[in-house]
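Asker: Listed here are the chains, written in short residue letters.
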Amino acid sequence: MTATAMDRSPAPLLAYDAKPDPISALLMLLGAAGAGLGLAFVFYALLVDGHAAFNTSSDMAWGSPIAFYLFFLLTSSGLSIVASLDTVFGLRVFHPVAKRCVWMSIVALVAGFSVLALEIGRPFRMLWALPVGMQFHSPMWWMGVFYSLDLALLCAKFWLMHTRRWHAPGTHGLSVLSFVISILAPGTLGLVFGMMAMRPAWYSPIMPMYFILTGFVGALAFVLFFTAVLPNQRRKPNEALFDVLLPRLFFVSLLAVIGMRFGQIVTTLWSNYEGMEAHWLSLDSALFKIEILVGLALPALLTATNGMRANRALVMLAGFAYLIGNFFGRLELLINGQKVPLFKGYWAGYVDYWPSLTEWMLVPAGIGIYLFLYGAGEWLLRLAEAEPRQGRTS
Amino acid sequence: MTRWGMVIDLEKCTGCQACTTACQMENARLPGEMWQDVLFYSEGEYPSGKLSWLPRPCMHCENPSCVAVCPTRATYKTEDGVVLIDWERCIGCKYCMIACPYGVRFYAEEKQKTQPDIRKVFPAKGDKVWDPPYKMPEHMQNPKWGVGIQPKNVVSKCTFCYHRVSQAPKGTVDLNPDDPKLRPYTPACVVTCAPSARYFGDLDNPSSEVRQLIATKRGTRLLDQTGNRPQVYYLAGEAPAIPETRSVRSGRKA
Ligand code: SF4
Ligand code: SF4
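Chains as they are written, first to last, in my numbering: chain E, 454 to 847; chain V, 15 to 268.
Just chain V, with the same shape it has in the complex (with noise of 0.2 Å):
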């Protein structure tokens, strides 16, 4: 069974946003609510100051805790090893918010950081949260994926473009974008990324290019310590660290 996963490579990565915008796009999210999202850090100042970023999507956990403490299992992960939210059965909780280590779950219930509230601008009937005028076609939603213009009240993150990824013709091994047969089922992020920094395929085939980085440019999961054992995998090279590892907390006065 194929086991979907991705690898980053943070060397090639420039930082530009276009997957998160790419992301944003294809499903239709709210501003500030970026399901793919590149994180900024920086370290000293000038004139020795560093910044580095990190792009994260969600890393669809091989021990998913957001599955383990969701009590409705809206939450849920596939034979094809992507984590998805059943819209049509999440509570909204928020469980699964406090429980995911690595922040990727959004709730779109709240006061909106950009004004005017773009909910407001483009409403939806009924029970959908907004109606942008642009969105996948009817036919590709599927709320039982989280996939689509979502209904109120619930939280959504994530899917690997499932309604994507699912399509893929049978055996496929590698997602590569550069493939024009297969473009179309590769995650909209892979599919934008300018550098080529993101590689999308199946973890489980050892001939799988995902696979073959992880093994020969050392693939690093990230949080490796809660056990969740991302199914995302990072390149970074010859940097020293990942930004993420770095302790964001200040330095304590003695």
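So here's chain E without its partners, still in its complex pose (with noise of 0.2 Å):
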């Protein structure tokens, strides 16, 4: 530890003293409240009939689990992405929100890794099944890899923030590596989806940077969502980044999605390709709707202007918005890459999927998860904290 940072070093690791904040509060309440009855809903299902209380089927082998999944994990990565734009790349301006992405990072993580244990057929044998099987040809294990490793790097990441040696030595290479995990991790997410040659409506090269995109625009929806609702005094000092930046590089990236999206569709309808026909069967469904009107529409519409960006309550909509088409299109993404069957004969027809009361009842576990654990952080663990100036020696 260097003699800076053991200057300013007599802080609580953990603000067990501090009354929680109303909002800490409600959050902790609402994902307690949340996260108990999704999970006694769902360990109960699962007791009495296995995962056939789920919707899925050998036809439809990866349902809103897996959706559920993709939505907590490429949004972790985001937040990652958005706190090492200060971290690793110096952009002061982001410092304000880089200890809270962290820790919001990690707890998607969690929340996200608790939806896949409930999904996976048998989660505990993974942990030694992936080590042992060590099978370099397939993104699920490269997938593996990463996201342990995320997690593991977060964690230090946090650690070092959170004990004040944002500058001791390391910290800098560790949050580097943390960097390129994060890029890997949804990168490989995307590679599971988009090497499948035999599943041509999900088949593409650009997968990996979609999901990437997707995750950074969710990590932006998640930052502001959750800092809207910070009491008035503690957005006080950073309003620029809050009210102008934030909100800005939301519409930005917003567009990039708009665009990349747009031209997803355009080929994929365009295509006569066995299997791409799933596309158009989507254009009818309430999924698809949710994910553009919803997802993309709404949310460029609500911060398409200065004045609207400087709104907090519609950028809080926005957000929210985002998050609510974010989750229902990763949906829709996978159940077109399985709604034509695979070599079933004409008279299988098309595959009929929607969740189950069982997978629903995964929401208000994962989120609740989620909002439980980043309620306590926020009341425990200075999430606000900035590292102080003078500290710094670069």
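Treat the hints with care, as some may be off.
Below, simulated BS3-like cross-link-like pairs (lysine-lysine); rule was C-alpha separation at most 27 Å, straight line [to be verified]: (1) V:LYS166 to V:LYS127; (2) E:LYS797 to V:LYS231; (3) E:LYS797 to V:LYS64; (4) E:LYS797 to V:LYS139; (5) E:LYS797 to V:LYS125.
Distance windows between CB atoms, simulated [stated by the list, open to error]: (6) V:ASN77 to E:TYR803: 51 to 57 Å; (7) E:ALA605 to V:GLN155: 36 to 42 Å; (8) V:GLN239 to E:LEU736: 24 to 30 Å; (9) V:LYS127 to E:GLY760: 52 to 58 Å; (10) V:ARG243 to E:LEU466: 25 to 31 Å; (11) E:ALA493 to V:LYS158: 35 to 41 Å.
Bear in mind the hints are in silico, worked out from the structure with no lab data behind them.
The model shown is predicted, which means the values in this text are computed figures rather than measured ones.
Here a beta-carbon is modelled for each residue, glycine too, at the ideal position from N, C-alpha and C.
Hints in hand, dock the two standalone chains.
Answerer: Rendered as structure tokens:
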């Protein structure tokens, strides 16, 4: 530890003595209720019916839990990237949200992993079968490697920030490594789908970039949403960031997502290739409409002008709308790749799928875990803390 | 080394589904869990409609995409060319079901299409999916090969009846069910096929019947563009196409 870091060390690890502010208390309460209800329901259903409590089938092998888990994992990587704007690229203006973003990123990973554990057939077997398997050909194996590293590095990074060693030797290196992994992890998740040539509706070299970008915008939406509820005195010192820069970055990145998605839609609808008709079929689905209208068009309209972007309520709503659309868009993507069954004959028809109640209960479970841990962090972990300026060596 | 493969003669196949039934019985599969299935295709309308069909086991691909995606190596290829699932290693991630172009893999933990739910009629003790009254003897079951009554939350598929085939005398070239000595080692679907539309043997041996048929009767692999290189070949005879190669999408209104 450097001398400068030691000079300002005596901060309690957990702010037990402080009472949680009303917002943190509310988040924790909502989180505990959601997680309690969701998890109790899902555990009970799994106990009684096993995974038959899900509406997934041999034809629709991956359903809403995977979509939900994508939502959390990709947003988590996005949050890590937002934090890196300061910690890796030195864009000091993002410094006030850096620590908060790292915590949000960790919490989103935990929520995502929890949903995955409830979806996967034998989650505990993963712990030994993945390292023993060493299947380098499998993007899913790499995903396991990168996300494990991601969690470890984020925790280490948060620990260093929390113990006020922003500039201890190795901190910058660790931040760079964590940033690289937060690109590789969602990128590999993109490959899990994008490499599948036998699933033409997914097959695309763009998928990793699409996942990284949509996760980044999701992260900005999370930050906008959760900082909008901060009490005024905490927002005040960083108004330029909260009211100008973040909303603007959100808008610009959203335009990039819209452009990318538009390109995807046009290409997939144009193609006659077997399996691509899933995209035609999805045009009529509620999921597609929510994704496009609620998730892309609405937030773009709500943040289209400087004046609108300065309106906290509008920006918060825009972030929320994007997250809703993003969630349903991920579900739509999941379904599109499996809608046209592989090799089942004419008589099989298209695969019908809509999540079961147990699957929907993963939503309060996952979000509950997220809210509870985020609220607890807000209360106990000094998330708004920034590095003292005089301590900077560069 | 032997590399087992199958040839299915579509000119002989009557689409009777006896192979499907034999497989279900041999391997104690659940209703709808068709390790072996016959797929049906209809084209056109009365009076010029046409019905065709295609028996479909696992293709036991030379380059199996299911093996490549399996993060735990639970799915693997044996030295004698058969693709198997180690049920004691599978984590039920279902990636293999996504990656198999031939749709031959199954996950038992789903809502049953037929009622009553047969798993509840014959419930199993412990970790097994069910306990049917008919099943192969205990000593023939092998979870490392994905053979027998399966545990919960793992993926399953056709094993080329590995519990039979792997016991064939060394050096066997053709597993011809007409030979009473070889019948116990021949896959159940091959044994049961009434018009003898199925042939099973060593693809690496130029004198095997399967090799001869592939060479002389234009043996065709399905979805060859995937690069999976199935070890199941089809003989279409004079037919203009194997039904699967016809597009299933309807004409779009201009
Ligand atoms: S047909 Fe499918 S399951 Fe069978 S070996 Fe090929 S890819 Fe694997
Ligand atoms: S479900 Fe099992 S066999 Fe299939 S890819 Fe996952 S671990 Fe491998």
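Asker: Each hint needs a verdict: does it hold in this structure or not?
Answerer: So, going through the hints one by one against the coordinates:
1. V:LYS166 to V:LYS127: holds (18 Å)
2. E:LYS797 to V:LYS231: Satisfied, since the Cα-Cα distance of roughly 26 Å is no more than 27 Å.
3. E:LYS797 to V:LYS64: holds (17 Å)
4. E:LYS797 to V:LYS139: Violated, because 33 Å separates the two Cα atoms, which is more than 27 Å.
5. E:LYS797 to V:LYS125: holds (19 Å)
6. V:ASN77 to E:TYR803: 51 to 57 Å: violated (29 Å)
7. E:ALA605 to V:GLN155: 36 to 42 Å: holds (40 Å)
8. V:GLN239 to E:LEU736: 24 to 30 Å: holds (27 Å)
9. V:LYS127 to E:GLY760: 52 to 58 Å: Taking Cβ atoms as reference, LYS127 (chain V) and GLY760 (chain E) lie about 56 Å apart, which means the hint holds.
10. V:ARG243 to E:LEU466: 25 to 31 Å: violated (58 Å)
11. E:ALA493 to V:LYS158: 35 to 41 Å: At roughly 37 Å between Cβ atoms, LYS158 (chain V) and ALA493 (chain E) fall inside 35 to 41 Å, so the hint holds.
When the structure is compared with the earlier hints, violations turn up for hints 4, 6, 10 and for no others.
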